[in-house]
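Participant: This is what each chain is made of:
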Amino acid sequence: MTPQTADNAIVSVRDLQVGFQTTDRRAVVKAVDGVSFDVRRGETFGIIGESGSGKTTIGRALVFLLKPSGGAILHNGVDPLAMPRQQFQNHRRDYQIIFQDPNAALNPRMTILSSVLEPLELARAGSKAERLQRAHEAMDRVGLPLDLGERYPHQLSGGQKQRVVIARALTLRPKMIVCDEVVAALDMSIRGDVLNLFAELQRDLGLTYVFITHDLAVVSHISERIAVMYLGRFVELGPTEKVSEHPLHPYTRALLSAEPRPLPSTMRGNNRIVLQGEIPSPIDPPSGCRFRTRCQYAQAVCAEKTPDWRELMPDHWVACHFAHRPNFSPN
Amino acid sequence: MATAQPAQRGSEAVAGGPQALMSVRGLGIRFKTSLGVWQATRKIDFDIAPGERVGIVGESGCGKTITGLSILRLLPNNLAGLDGSIHFDGTDLASCSTREMRAIRGRRIAMIFQEPMSALDPVFTVGHQIAETLRVHTNVTREEARERTLEMLRRVGIASPERRIDDYPHQLSGGMRQRVMIAASLICGPQLLIADEPTTALDVTVQAQILELLRDLSETSNTALMLITHDLGVVAETCTRMITMYAGEVIEDAAVDDALVRPLHPYTSGLLRSLPHLSPRHGKLPSIPGRVPSIMDMPNGCRFKARCAHAVAGCEKEQALLDAGNGRKVRCWRFRELELPGALQHAATSPIAAMVASP
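Sequence lines, in order, name chains A and B.
If you use this note's numbering, the first sequence corresponds to residues 1 to 331, in order.
If you use this note's numbering, the second sequence corresponds to residues 1001 to 1359, in order.
Just so you know, these hints were derived from the structure itself, not from any lab.
Among the hints, erroneous ones may be present.
Claimed, not checked - Below, computed lysine-lysine pairings styled on BS3-like, alpha-carbon distance capped at 30 Å:
no., chain 1, residue 1, chain 2, residue 2
1, B, K1305, B, K1317
2, A, K175, B, K1284
3, B, K1284, A, K242
Stated by the list, open to error - Covered stretches of chain A, as calculated for chain B (at least 3 residues, CB under 8 Å):
no., region
4, 129–141
5, 179–190
Idealized CB from N, CA, C, for every residue including glycine.
Pulled out of the complex, with its shape left as it was, chain B reads as follows (with noise of 0.2 Å):
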């Protein structure tokens, strides 16, 4: 079987304005430890637009996990503060009250994790857990949340849902699991859902089953989603922009092809490089040299710049993200100049372009 011609993507997918589902303006993480305050994330701006499908890359430690949770206001308790703002259809979930937020989260921004066995509660049927989000968000009897706990779960692909609908956790596989978060977290009809890294406990046969399901749920029923992962080729079989980030700051946003195509960071392309898929078989694999800068040890302007072959002097300056046309941002002062190989620059001669060429 095959998919559906994935939606025609491209420089057209620019969002922002007053169109805009959820901005985010200015947002910085700060935590409390006892070697001082640490700067999680800072200055982080994007928009996501009402049924836009969003993915947020990058490696682990760079504040993407951290981003999606802060935007829930789900927390740790060493928070030391939360800086700038995110709208939310009219809401700043930064600065609204505890009450405003119980509201929205779960109803109007639903949130799914990497590993549904902890998610879900093993003494509860899955059944029970999926209509009691319905059940605190609305005044639905007992028959009408189980009836729509059904539906929901035949939306999600889960055969015979009378006979699921009472089983425990530990009776469903893996994939079965993630299908009915996924179901527990769509069932108020949330306008964005935030997934982060959802396949990446499950095997890659179960993970194109899932990344399907959520591609259609968020095409059919017009719900943004804001994917978080590390892995490159989940967001571009999903996902309509890509938003890079790195040691706490956004550093690419662009939409999946463009970024893709021709990356505009040298973190982006470096990445690119980097996947076994875009290398000739058996040859040396290209590697970002050196390793992220510590969190209690940032440095000044660019944070790449120690690990970029094309830095600088200026690199040392504070850097911006600035507009590149169409809808892209980059945060690298010598984007104009640099002419950066992305995935196809790469692919021509490595094995993946004989998959893709094979019928």
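Okay, chain A solo, but in the shape it has when bound (with noise of 0.2 Å):
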């Protein structure tokens, strides 16, 4: 396992577990089923799973919008289900979450400004007249003419929104930001535009984000580390070069294979990695390796133990009994 929060860890999950019971009562699905990591201040950490993998369950659980049925997650070391209820709400200020889409996300009855007050009213911050104050430094810090304010949802273009949502996300000025595929929804000359706009906040901010999504290029574009995960579980954690020009697990050499690229036919190479069938049901997953049902290499192992989790390289792990270290190249 990972090793004891680090110092410069502003999340910790350990052992993480959530589970849902299906509607007959008669079993649970584990969403999330076993998965520890830390998250470093101010990096992006990206996690990348296909539908069904757990990815959202984790975001949702990171801030608590669900409760884990197994393991800890600790915010800056300090667990935030043992605080009382005033200054658990009080803290959950610096942990915010960003849906894919603002059309869900923003009451199309209330107006961009009255949107972007609504969290600075419910946390009674600061006369009426400081709030007004920080929501308009919201707006203009991502972008939005304050005109826009007077507005409602659907007079504004989906960039925009998504923009009204980042705002309203930063008026309580948070620590960490959950970004749950955020751009997905996004055309994409505008995803871009919004992308930037991330990296610009971080660096002026000094915020960390999770970025949860599906989509290998703007994760990779983004993140500092990345997590991929497979049916409740990571599969492979390591710097964003490493696991996406060295991947270690199979599912990662798959899935990035799998990608398609918007390059010449000369240029696109050859080395696609059709897998076979789709992801199991989490009701019942396969035994020992989740991904050994769908994996060219898999042996009889496979099916008996489930792989360790191991740092097979410096800050580079992975869950396979055979990924062994690549042999280096100086470039």
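Please assemble the complex out of the two chains, which come individually in their own frames, going by the hints.
Facilitator: This is the structure we're talking about:
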């Protein structure tokens, strides 16, 4: 397991488990099943995985929108669930979350300004004039003209709406923001703008991000470290360059090779690994290594033994019986 | 497992002329709204040759989906008018009778959509729904229809089709449902398959399977494919030709490799530049400033000029889709003097270069 909470960890997750009961109450879906990691202060921590891998569940648990059914999540070394209610309420303002669809996140009957003001009002932060001041600062910060404050969500473009949601998350000056598929609903030409804004805010405000997405290109552009998730567990975690250029886990390799590349045929190479089948049901996951049913290297041991979570190379973790250190070339 | 080497593509993939399967000329679609009549698309010109795989690319609202729907005349009730012509193998789909259209729709031109769960009927088995297409269009017996459905399910890569044929849609995974949709669309052996974002709702590993399937089926049965998508990577992997749309117009039409290596329209180049695949890691992503003009307030002349770094006096004049040689067309009067960067220039310094180089 990962070493004791490092000093620079803003979030420490230890053996996290989140289960959901099925509607007929006969089974428990273990959406997250034994995940441990630290998010370091000031970094962007990317979590990538396919639908049903549990990445969104982790994101929600990190800000306590979901209660863990096992393990612990520490914020700055402290367990927020042990706090008295009022202290917990105040504490969670430091840990915000932004979702994929700004249309669902914004109330269509509230003006943009009142949406941005709402968190400040709930927090009873300062006087009315100060709250207005802070809301205007946040809008200015994300590049929204102040006169948009009088408008309603339907009068804004998709990119502008996502900026409103970001501004609203910033008003309470959080330390960390979980970003769950925040650019997935945006058009390509606007995506870049919003990703640039995230990078700029991080630089200026010292924010920490947990960036959850299914889009490899996005996550490897913005993150310092990437975790690859499959069926409720991490299969690989390491620095972005290492994970995307020298992946250790067969699933990471397949995921990278499946990404359609906007390149001419001569440059695309011919190294695609097409996985058979789809992700199995988390109600009854395969024994041992959960990826073994789709893995071309699977052996008998993969069904019998759950692979250890090993630090195969400095800061580069993997859960596979057969992963080995690649031969390094200088470049 | 590696895929087969993609078919050689390049400048020879020139369509048009007498051998085209479908010729769209001057297609325009207008809608009635409470605020007046809106022109959703206009002056759409393109050809698709038999067996050719063409990608229609653009951002939301550019008119790519409505262009696909207009070919099958699946247009909403507030349609105000359809201009131009869609010549498909001797019939003008824009003006033919409803009866003629019905004989073509599903039999000679089929369509699949983004979300297979909403396209499939939850109360009928998948086998019933695939065979329905066949029973409507041909005089086959029940047994024959079932036999051919089984054969089709096998062709789209569904394991043990004898077991799956009597399943209901909810019993299948997302990828399998999309395979069922493909089976239903191809069972009558259409000459053209229109696929509107067929893999957008699927995971990336399943997307790779479905794209490979579409490419293989199109090649083996010589079915032309019109793939509508916002994803340039999907087009690069699947198609031979790429038609880029912007604000209701076709702005570029070229072989995929040509368009990626040396785009002729500033918008196509801008789209390529804004992809995170092609930018240096952690650097600032280039983006196209501004936004698509509103359908209610389209500028005169070039519709991209307000966002274009190369706009000069003259761009406010009406722009024609110009012939750029080698079967390429572009709606930019400055295309000869502009040297616009493509995917290669960007890719050299980006993470994707390392991915391509690594074994």
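Participant: Please go over all the hints and tell whether each is borne out by the structure.
Facilitator: Status of the hints after comparison with the structure:
1. For the suggested pair K1305 of chain B and K1317 of chain B, the alpha carbons sit about 11 Å apart, so the restraint of at most 30 Å is met.
2. Taking the CA atoms of K175 of chain A and K1284 of chain B, the gap is about 23 Å. The hint holds against a cut of 30 Å.
3. A hinted pair counts as satisfied when its Cα atoms are at most 30 Å apart, and K1284 of chain B with K242 of chain A qualifies at roughly 21 Å.
4. Requiring three or more residues with a Cβ within less than 8 Å of a Cβ of chain B, the coverage given for the region 129–141 of chain A is violated, as only 0 such residues are present.
5. For the region 179–190 of chain A, the proposed coverage by chain B is satisfied: 4 residues have a C-beta within less than 8 Å of a C-beta in that chain, meeting the threshold of three.
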